[in-house]
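Please arrange chains A and E on chain B, whose structure you already have, making use of the hints.
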Amino acid sequence: MTGQPAVSVLATGNAPPPPEAKPALARPRGGPGCDRLGSPEGLQDVIGDEDLIQRVRAGDAAAFDALVDRYYGTCLRFAWRSLGQRDDAEDAVQEALVRAYRALRRGQSPRQFRPWLLGIVLNRCRSHARRSRRRRLLLERWWARQDPEALRVQPADGAGDDGDIDPKLKAALAALRPKLREAFLLKHVEQLRYEEMAEITGASVSALKMRVKRASEQVLAMLTEDGV
Amino acid sequence: MSELDPRLEPWLATLRKEPSARPEARARLAAALREEDARAARRIPSPPAALAAAIAVVALTGAFWLAFERWNTPERAGAVVELASAQFVLHARDARSVSVVGDFNDWDPRATPLTRTGDGVWSAVVRLRPGTVRYAYLVDGTEWRADPHAVTSHEEFGRPTSIAYIVPPEGP
Amino acid sequence: MSVRPIIGTAFACAFALAFAPRHALAQDARLYKRLDPQTAAAVAALVDSASTIGLPSEPLVQKALEGQSKGASGDAIVRAVRALIRDLSTARDALGNDVGVDALLLAAAALDAGATPTQLERLRPHRSRESFAGGLAGLVYLLSRGVPAEQSLDLIAAMLNARLSAAEFASLQRLVERDMMAGTPPAEAVAVRARALIRHNRSGGLGERVRP
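Residue numbers (the numbering used here), protein chains in the order written: chain B, 1 to 228; chain A, 1 to 172; chain E, 1 to 212.
Hints in this document: simulated from the structure, not taken from any laboratory. Quick reminder that beta carbons are idealized off the backbone N, C-alpha and C, glycines included. Treat the hints with care, as some may be off.
[Unchecked claim] Below, in silico cross-link-like pairs of lysine-lysine (DSS-like), each with a Cα-Cα straight-line distance of 25 angstroms or less: (1) B:Lys170 - B:Lys209; (2) B:Lys209 - B:Lys179; (3) B:Lys209 - A:Lys17; (4) B:Lys179 - B:Lys168; (5) A:Lys17 - B:Lys168; (6) B:Lys170 - A:Lys17; (7) B:Lys168 - B:Lys213; (8) B:Lys179 - B:Lys213; (9) A:Lys17 - B:Lys213; (10) B:Lys179 - A:Lys17; (11) B:Lys213 - B:Lys170.
[To be verified] Below, a sample of chain E positions facing chain A; criterion: calculated Cβ distance under 10 angstroms: (12) Ser69; (13) Glu130; (14) Leu175; (15) Ile198.
Same shape as in the complex, but just chain B (with noise of 0.2 angstroms):
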């Protein structure tokens, strides 16, 4: 129920058992002087995903390690831009990175990693979306004019944040229906192909092209509203 990724299509249903044990890589999560996530001397440059995929599916922790490093920024770059704030897209990377795990320690093995993990990712963000759309109106609605004595500090919002973007470009963004948005961002920001996107959303090619054409147009429109 809880942990399985909502996409199972782009795992291969036939996996091959996961190889004999390799050596475990020199330094186990969570050791002395592990304080943060680093990558293992050398691997980065040297191992494809397929090789990290299943060292993670025999039980080697410091391989997944080497593919969140390889992976994170991605991941952070389509939850952000999705969602819109830095803390939420941290929390959806987060919870989708768990997932990930999770489901490779399980005996998943995906043909091609980063769509699959975008994947995990986009439905996240959706989750998010829903429960913060909620609160944001309650919020609105409720709380315009309060006596900031009787509330506490409303976290701020992440604007001006190092690796946030334009306002214009934002408010762009934010304008679009999150299914134009989502499109938008895995055609041209993440680059994947039609197929790809088809799988992990579960809409037609067709529609997604649709979406992608109509979001690219409406977010110009505003951009070059004012003649820029």
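Chains A and E alone, transformed into the frame defined by chain B:
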């Protein structure tokens, strides 16, 4: 493939930049993954332990039957529970019929009709077991309405549902 | 990983015996009477698997009946039951295995209203209180009226600490609603009424019993 308007390119270049991770976020992730490892370790006992556990479970099932059966009974079906009175009220001036439909009557629209008490007010008093109640009003057999006085209301199956908490009657 | 099937089968047998279908039969009857056979079977299967992990069945059955009553499709009903299982499970993870059905349902509603599991965990220490479910109802109420989650939790935790009874949580809602209808902003109404209840309780008002 849809053609990309070249005017979007500079904006896309911004969007494509990968943001850097914040150390505290990475630390939280590391902790969450460690927790996942710990959870996984608990789930998979060693083979001899597993067999022992399996045998123990099967052997103990008979002994636990009564306890589980009692726990698994449809909640509070027994006569031990003291019922509370709950009054359902709805203002519906133009309605011809109103009923309250919810968990306590298996969502049967005909089970609990409200009576018109005059001036567009419909009400019914129902004896309910204390606890969480999910319900909605059904007006003229077709229109579902939430209860404005409920703890909360939201959409369920495209129609409103309200949640109330019936307080246990005060004991001595 | 060959250990798993052995344990799995053993547990399946154990639970099949422990949770034998005596009551499941009664619940199944309602499902099969009201739903089409396919949907009824799907829901019954979900209810069974949920009960094997210790989640209550009745709310799940009621969810299906609600869907039927409101004219939902079989798919929508199955989706809703699944979602409820997920929410109840999350609520239980946050609050602990020993909370009652009412508390679980309200916790699930709180999650739906915007609380996170981590925030819910703050109330975990109070789960033995008799008014725990009442406190959760108060939490759901505050969240649904737009009080920020952290604030809501602060208030409810304080009220639980002050050993307010379920009736007093209910009166909070009544009084706040009344104040709001008279024009008081919700922040003020909530803060004032909650503080008053806590103060009143400290000076010897009606308290609640803690379950042994």
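Each hint, compared with the structure:
At most 25 angstroms may separate the alpha-carbon atoms for a hinted pair to count; Lys170 (chain B) and Lys209 (chain B) meet this at roughly 22 angstroms. Simply put, Lys209 (chain B) and Lys179 (chain B) have alpha-carbon atoms about 12 angstroms apart, close enough for the 25 angstroms limit, and the pair holds. Proximity of Lys209 (chain B) to Lys17 (chain A) is assessed by CA-CA distance (about 23 angstroms); at most 25 angstroms being required, the pair is judged to hold. Restraint check for Lys179 (chain B) and Lys168 (chain B): satisfied, since their Cα atoms lie roughly 20 angstroms apart, inside the 25 angstroms limit.
A C-alpha spacing of about 16 angstroms is found between Lys17 (chain A) and Lys168 (chain B), which places the hinted pair at or below 25 angstroms, so the restraint holds. Of the pairs offered as hints, the one joining Lys170 (chain B) and Lys17 (chain A) holds, with about 14 angstroms between alpha carbons and a cut-off of 25 angstroms not exceeded. For a cut-off of 25 angstroms, the pair hint linking Lys168 (chain B) to Lys213 (chain B) stands: about 20 angstroms separates their Cα positions. For the given pair, Lys179 (chain B) sits about 12 angstroms from Lys213 (chain B) by alpha-carbon distance, which is consistent with the 25 angstroms threshold.
Of the pairs offered as hints, the one joining Lys17 (chain A) and Lys213 (chain B) holds, with about 22 angstroms between alpha carbons and a cut-off of 25 angstroms not exceeded. As the CA atoms of Lys179 (chain B) and Lys17 (chain A) are separated by approximately 22 angstroms, the hinted pair is consistent with the 25 angstroms bound. Note on Lys213 (chain B) and Lys170 (chain B): the hinted pairing holds, with a Cα-Cα distance of about 18 angstroms set against a maximum of 25 angstroms. Proximity of Ser69 (chain E) to chain A holds as hinted, the smallest CB-CB distance being about 4 angstroms (cut-off 10 angstroms).
Checking Glu130 (chain E) against chain A: minimum C-beta separation of about 8 angstroms stays under 10 angstroms; hint holds. The restraint placing Leu175 (chain E) at the interface with chain A is violated, with a minimum CB-CB distance near 13 angstroms, outside the 10 angstroms limit. At its closest, the beta carbon of Ile198 (chain E) sits 18 angstroms from a beta carbon of chain A; the interface hint therefore is violated under the 10 angstroms criterion.
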